[in-house]
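Work out the full structure, taking the sequences as your base and the hints as a guide.
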Amino acid sequence: MNDQTPPTREMREAKLEGMGCKRKRVEDVRFTQGKGNYVDDMKLPGMLFGDLVRSPYGHARVKSIDTSKAMKVPGVLAVLTAKELAGVNLAWMPTLAGDVQMVLADGKVLFQGQEVAFVVATDRYAAADGVEAVEVEYEELPVCVDPFKSMLPNAPELREDLKGKMTGAHGPRKHHNHIFEWTVGDKTATDTAFNTAEVSIKELISYQRVHPSPLETCQCLASFDKVRGELTVYGTFQAPHVIRTVASLISTIPEHKIHVIAPDIGGGFGNKVGAYPGYICAIVASIVTGKPVKWVEDRMENLSSTSFARDYHMTCEIAATKAGKITGLRVHVLADHGAFDACADPSKWPAGFFNIVTGSYDIPTAHISVDGVYTNKAPGGVAYRCSFRVTEAAYCIERGMDILAQKLGMDPAELRLKNFIKREQFPYHSALGWEYDSGDYHTAMNKAMDAIGYKQLRAEQLAKREAFKRGETRDLMGIGVCFFTEIVGAGPSKNCDILGLAMFDSCEIRIHPTGSGIVRVGSKSQGQGHETTWAQIVATEIGIPADNLTVEEGNTDTAPYGLGTYGSRSTPVAGAAIAMAARKIKAKAQMIAAHMLEVHEGDLEWDIDGFRVKGLPEKSKSMKELVWAAYNKPPPGMEPGMEAVSYYDPPNMTYPFGAYFCVMDIDVDTGEYKVRKFYALDDCGTRINPMIIEGQVHGGLTEAFAIAMGQELKYDDRGNLHGGSFMDFFLPTAVETPHWTTDHTVTPSPHHPIGAKGVGESPNVGGVPAFSNAVNDAFNFMGGTHIQMPHDHWRNWEAAHSRGMHG
Amino acid sequence: MIPASFDYHRPKSTPEALAILGQYGDDARVVAGGHSLIPMMKLRMAQPSHLVDLRSIPELKGIRIDGTTIVIGAMTTQAELLGSAQLTAAVPILHEAALQIADPQVRYMGTLGGNVANGDPGNDMPAVMQCLDASYRVTGKTGSRSIKARAFYKSAYVTALNSGEIVTAIEIPVPPGKHGYSYDKLKRKIGDYATAAAAVMMTVSGGKVQTCAIALTNLGPTPIYCAQASAAIVGSGLDTAAITAAAGAAGALMAPSPDGRGTVQFRTSVGGVMIGRALQRAYQRATA
Amino acid sequence: MAKSAIKLKINGAEVEALVEPRTLLVHFLREQQMLTGTHIGCETSHCGVCTVDLNGMSVKSCTIFAIQADGADVITIEGMANADGTLHALQEGFRQMHGLQCGFCTPGMILRAHRLLKENPNPTEAEIRMGIAGNLCRCTGYQNIVKAIQHAAAKLGGREYLEAAE
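Line by line, the protein sequences give chains A, B and C.
Everything in the first sequence is counted per my numbering, starting at 191 for the first residue and increasing by one.
Everything in the second sequence is counted per my numbering, starting at 859 for the first residue and increasing by one.
Everything in the third sequence is counted per my numbering, starting at 135 for the first residue and increasing by one.
Treat the hints as calculated values from the structure; they're not laboratory data.
There may be inaccurate statements among the hints.
[What the hints assert, rightly or not] Simulated pairs of lysine-lysine, DSSO-like, Cα-Cα distance not exceeding 27 Å: (1) A/K814 x A/K774; (2) B/K919 x C/K143; (3) C/K289 x C/K252; (4) C/K143 x B/K870; (5) A/K262 x C/K137; (6) A/K867 x A/K637; (7) A/K364 x A/K377; (8) C/K143 x A/K233; (9) A/K339 x A/K904; (10) C/K141 x B/K870; (11) B/K870 x C/K137; (12) B/K1045 x A/K904; (13) A/K259 x A/K481; (14) A/K481 x C/K137; (15) C/K252 x A/K233.
And the structure:
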């Protein structure tokens, strides 16, 4: 608080609840009273319900589908199969990654849980009865679930539809189960760096198949109006406009006759970016029956069919000097995409932004290659609370750094400090082609190390290890270090599009005559609190209290076209569009103020909630007065009204970063672990609402904890998914979840209008390596270089066992 | 996940329930708390035509101490067990074990009878009952009989219960006032079944173990009562050699199935660790 | 399928309805009574988003049939606000302490916390964490949910809660 500031200014400022304010959330008023409006809460007159018959097999030919018994089930009105869908050219659908995917099994099934038939009935109970009554005859085929075996010469051919097509959406295919090879970097220079390296490491680092699992599953309600020829689809869509455009492109319905509406969404985390067969089936069923059709996935369907994440198998090599200066990085990735390439990446990026794998380090040369392969597993590969494949990249480099430190006999924090990109090197051009906008890594790392008491912890660890060796304890202590750099805010149209749709975002602001207004945005909140924070940006920019601004998203008829919310892109892209639209409002207000105050625009200065004449603070006009004038007394020649639209094509990505430390104790006899402390320092640039940022960090860290310590979608050799319910799939409760300590530095983005970078996914990106490094750090003094995730009791016990710790 | 159709019955007395069961035979299933059966019905892995809900039968409720025996009505919920100060004072292991079952909501609905009767090897109370040498009061159309918990479990989901019989009460011999106990359960998270769990009851005199009972959860198709392991402890001062001998004897009986919780080797090994922990805690409590 | 008549009290009001025996309580509440604040998340009784209060117990309404609730007294999130329309201390606590994000788990979480505080008006952090262990949240990491419940406990107990949301 500044004593020289007159209290009236403070009160004016406080009234805005603008940027930097821990504003309480607008959304909570309805959510805490059970008045949210999620898809399954909706009911339309005459609504029917659809349910899916799914494959029990991982790979099988569909010999026949008999729907006659199902049609006799009371309440069942229709059963769709690939045959019916083929009639409307929708047996297959395009994926976001340039592949095609069966909507309903066309001749064969390629993964357990694949959609085979869609039963439409008067209610969900009858639909479930109908599903049970559909008789499908299968002939089992050889199964391939292991990506390392998918390109063997004798591997079963999974995608018969691609037979003979040796060029895919991303170039040549090497094998019938190969999807693409993607390379970036200077191979010759990188090979030379390794050939001349004093020290190098090479490790296979796998990131297991996991799932975003929002508590609300994927669902939609499609309603086709035959009279008007118009389709309305309510759905759990993180990117409603993309869904509208795709729906128009694959149907014969013009885009203006499709209304896509995403109401409240119960968490997304990447699960709700893609288009799924259930959506297509509901739409077709509504067209066929002329009635609204609702489709709601159950939890097992969610875990087994819509959008896994990761399944990346990364061979990481780092070359360095004996003194610990990195001279080269080489990574090969075997990417398991499942039965169809349905990754939700910007189209030109088959492995997303995996080339951020140089991380926070000044690495002179690097080369990466990624091979995508098909297996008999569910399709997906979504960005689960991360920008596209950034989580995998961060895990790869941050494990690699620890492995290198171990080999060099150097402290892992010290190795990082030695190789960080320095503050004065920004904007920094990485060896794999990115321009990092801003950063101050040393400051962040040193602040974090001081806060956690890093040196003392290492001393304690040393003593504990000695005690362990003497047999005085059965606990190991691990200190996990992670310093990550994210790349978010996809993205500039020069390199980011989805099926040709440039990845800009948008905002439309309409201020009403009395000084309140509506802000419509192309993003779509799934819990991030956009209704709260977007208003804060506008409040600060134009001086209208956030409480007087309604934020609206998700209705494609009213929201300006936007690419939606995922990959931490909302603040970097939509947030920028909001500020730019607000500045257009402000510019018009300034012209009006100049006219009213009879001065030149240049003689005015902005003052919290209005303009005043420089040097004559008593001569001023509040925004409220200016808006009224904009409608009713505009300057001669000026159009009335107070509206602005901005479509923002970002000049660059943003690069949030952070320093995370995890202190963990592990019982070698049971594998039980206790997270003693977790400290997360995030730098997401300008902070719009610190309360919401901290909440995002808590949530992301909890997801990271779940992934690192227990999550795994595991298939057996026959293609059966194990762990496809919440009994087995590890979602921690309040009891398992550690306590989080958060901290921050602020390094604004130089190219973003308000300097913000995005934060929602940082804790997942940085959290996973911090946990995994802690576990590895606990064990590595007894040998070994890398323990694969998940680090559950069993694997921790195995790690101890293989190191001879059980006598 | 929608169950198939069924007819619902809510009898007011045990004879009425038995009559319904007699009438419909294997087409009928009894439901207690429902947290095992209803999910199975929603998955359509169970499709009874008749569901017989025991919740309105007064005589299946309640906890009473009857001289040397504690009688707990089969429909007594885990939450009611936890809420009974008298029971907790007399048999504290029940409180300790009940708290480790599922989560608060499930404990409000889940019953002791359901937990012991359905034969799920993941359920916690069967091993505790074997450890306590409890008996199950079982009633059928031909009358009532008592079956020892130690003789009740045949294989996974297969018990000594005959078709048409229901468990009406659990009878537990009142343990000595001064005793040690422990239920140690390793699990992945709240709501999970045990990776391995051990129940121990013990009396100690002059530093030497006088009586000891050990039983295990989810380390085989049935709960495992470890007579030999228990015998290995009796007479000892619970030294390392005795614990090792007990864990070894118990280990020979373990036959867990490999699953997401771990391999047979891991689960067997931590089964031994749970035994060790439970023995030591029970000993401390017995000697405190 | 033949339907049976049930009579129960929901949020203080007597309700009579016809249900199929297999109708789950959660579907009855959401689809027949239009009380859509109670959600469905996992369907195997692990996530707790369907939690309602039934005869003074927190119950997962996806794992009980409506017909089993015949004669019961049910409270859902729609019945939590105070009689004068102001928010219940828990509803207020969740907002003040940023105890929710997507809002999907919130009704179940609040109903569970309601029963917890009835049974233990002044719980420790560990007791709260154990007490809400049947309710999953994917957004918040629980830290602010714990504070929200502490905030409500303080308010209900006539005390002031001084900690801020993190």
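Against the structure, the hints come out as follows:
A C-alpha spacing of about 16 Å is found between A/K814 and A/K774, which places the hinted pair at or below 27 Å, so the restraint holds. A threshold of 27 Å between alpha carbons decides the hint, and for B/K919 with C/K143 the separation of about 24 Å falls inside it, so the pair holds. Restraint check for C/K289 and C/K252: satisfied, since their Cα atoms lie roughly 13 Å apart, inside the 27 Å limit. For the hint pairing C/K143 with B/K870, the CA-to-CA distance comes to about 22 Å; that is within 27 Å, so the pair holds.
A threshold of 27 Å between alpha carbons decides the hint, and for A/K262 with C/K137 the separation of about 20 Å falls inside it, so the pair holds. A hinted pair counts as satisfied when its Cα atoms are at most 27 Å apart, and A/K867 with A/K637 qualifies at roughly 16 Å. With a CA separation close to 20 Å, the supplied pair A/K364 and A/K377 stays within the 27 Å bound. With a C-alpha separation of about 24 Å, the suggested pairing of C/K143 with A/K233 holds against the 27 Å cut-off.
For the suggested pair A/K339 and A/K904, the alpha carbons sit about 16 Å apart, so the restraint of at most 27 Å is met. With a C-alpha separation of about 18 Å, the suggested pair C/K141 and B/K870 falls inside the 27 Å cut-off, and the hint holds. Of the supplied pair hints, the one linking B/K870 and C/K137 holds, its CA atoms being roughly 21 Å apart against a limit of 27 Å. Under the criterion of a C-alpha separation no larger than 27 Å, the hint pairing B/K1045 with A/K904 is consistent with the structure, at around 19 Å.
At roughly 23 Å between alpha-carbon atoms, A/K259 and A/K481 fall within 27 Å of each other, so this suggested pair holds. Between A/K481 and C/K137 the CA atoms are separated by roughly 26 Å; this keeps the pair inside 27 Å, and the hint holds. For the hint pairing C/K252 with A/K233, the CA-to-CA distance comes to about 35 Å; that exceeds 27 Å, so the pair is violated.
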